[in-house]
Amino acid sequence: MSTVSKVFTTTLLLLLASYSHAESDHQSLGKPAEALSQQTQWNLSIAPDGKVLPKGKGFAAQGQQIFALKCAVCHGPEAIGASADPLVGEVGSLTSDYPEKTVNSYWPYATTLFDYIRRSMPINAPFSLTPDEVYALSAYILSQDAIIAEDFELNEETLPRVTMPNRDGFTAFYPEK
Amino acid sequence: MNKPPVQSRRQFLQKAALGGALAGTVSLPLLVNADKLEFPDNLPEWMRAPGGEFGNYGQPSKHEQQVIRWISANPAAPGNGVSWTPLHDLQGTITPNGLHYERHHNGVPQIDPTQHILLIDGMVEQALSFDIESLMRYPMVSRICFIECGGNSNSGWRSNPIQSQAGYAHGLVSNAEWTGIPLKLLLKEAGIQTSAKWVIAEGADAAALNISIPLEKLLDDALLALYQNGERLRPENGYPMRLVLPGWEGILNVKWLRQLRLTDEPIMSRDETSQYTELMPDGSARQFTFINEAKSLITSPSLGMMLPDNPGIYQISGLAWSGRGKITRVEISADGGDSWVDAKLQGPILDKAFTRFSLPWHWQGEYAILQSRATDETGYVQPSREALIENRGKHGFFHYNAIVSWEITEEGDINHVYGF
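Sequence order for the protein chains is A and B.
Residue 88 in our numbering sits at position 88 of the first sequence, with consecutive numbering throughout.
Residue 168 in our numbering sits at position 168 of the second sequence, with consecutive numbering throughout.
These are computed hints drawn from the structure, not numbers from a lab.
Warning: the hint list may mix true and false statements.
Here are some chain B residues pointing at chain A (derived, C-beta under 7 Å) [to be verified]:
#1 Pro-96
#2 Ser-129
#3 Ser-134
#4 Leu-279
From a predicted model like this one, the values you see are computed outputs, not experimental measurements.
A virtual CB, placed ideally from N, CA and C, is assigned to each residue, including glycine.
Please model the entire structure based on the sequences and the hints provided.
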């Protein structure tokens, strides 16, 4: 075969190859990230099963002290709201003329409370609390409406087992029926 | 890699010559014979002197400085709040990037794109990370669509009609051309496990905002957006990358996206339980109400304007949009809903995008209530406020899409009223 016809054949094969893989119009450029995926900073979201909750524990009494120091300025000294939302009270108010959607009256899962405090509170210094502090703050808020007892130890085992008053209050609109 | 620009000898000479010519112009003595001038003072000053210099990045006219986003934030936490698009000051359908509405939960992060990655993990065959440089090499598509906050127009639930301009009550919605990578490309590259049904999206802001999205939507028409109206995303709109889910409420269009984790169940995050759920009269709450239903708004004439001529002809103009598809019809009433006339829809009418409507109106000084009512391609008709409250009570807070009524007084003043 002459050089010219070799070049021609090679070019044709390349073209055919690209046509036969018409779906792959781009290169796969993602980098394997199994190790990264295991790291704590990529496992922030806590589902109701509580599986990725960090180890730790806290009580309402400690939580009350932390709350006074770091949270009361926005949420009010009794956690009943100020510049930021009320967190406690109003359990049972959802059917009234003045419903209040507090953590204790409205939120369906206690894991959400831990998840949200850990990732975004206090608002001027997110990710500044230790797991024990987040457990303690959660215990303080939940104990204010007797969802847990004052002396209840909140930890990675007990938190997912807390039943919120409005646990069954939600109707999923997806998927549409 | 960027090469330094090469300047040829010829270009250099041209520039030198131009520079010399400009210098000469400036040094010319101003010899003016006022008596012989053909145009002594009947041309505006901006025609008699050279205009301003070139700009590296253009800005609106100084005479348009009142056209702004209205900021409503928590004084104790100024990064938590919203800013409203001034819909009443805009025309056409595309929202300028500097006026796109904002909702931030803890400020606008200033992200260094070289230090930002997107991680796709969870129920995939292979967890993958993508840096910006790699993403820029993927095939991109553009589409025009609106993004609307689930809390837009929520002042409509109040007992008394709020007296705010149209955009400052209903402008948590904007419309832009978004360009980016269809998310299905990236998800398929990671390999989707059959048990995966949801995706937990997380942002890289100081709220690390997380929310669950049905995988089905991400495989349908979702974009990993990198560009907004042709330029890279603005920081307040998610730079360096964000989700765009056409027709679905704003909170799901996660800005500053850092992670997509595939799961079999929703995560039940704060923003899909405590917020963005709608309390119903029986005390239950609707959850995962993702779609923004059809809505319309007359932007002109509207509150803050007035009708100067009586009688006079006024161009009624406004916007309609639906998260379920195209707008097929907008009707206008001038008598509080007793009679309706079809408005003209300006094309192209796009799926899940702003549609501009208009109708000339001959006002003869009578008391009037102007309303618009949108219908989308599914046949859904925008409800009256009365019907909305009948269905959903007064405490739904989110997804308020009722007809908006502007009262025109006999003096030509305009007020916001609730419909009749």
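Outcome of the hint check:
Hint on B:Pro-96 is violated. Least Cβ distance to chain A is approximately 30 Å, over the 7 Å limit. Residue-level restraint check for B:Ser-129 holds (minimum Cβ-Cβ distance to chain A is 4 Å; threshold 7 Å). Annotation: interface hint on B:Ser-134 holds; nearest CB of chain A at approximately 4 Å, less than 7 Å. The restraint placing B:Leu-279 at the interface with chain A holds, with a minimum CB-CB distance near 6 Å, inside the 7 Å limit.
Checked against the numbered hints given earlier, this structure breaks only hint 1.
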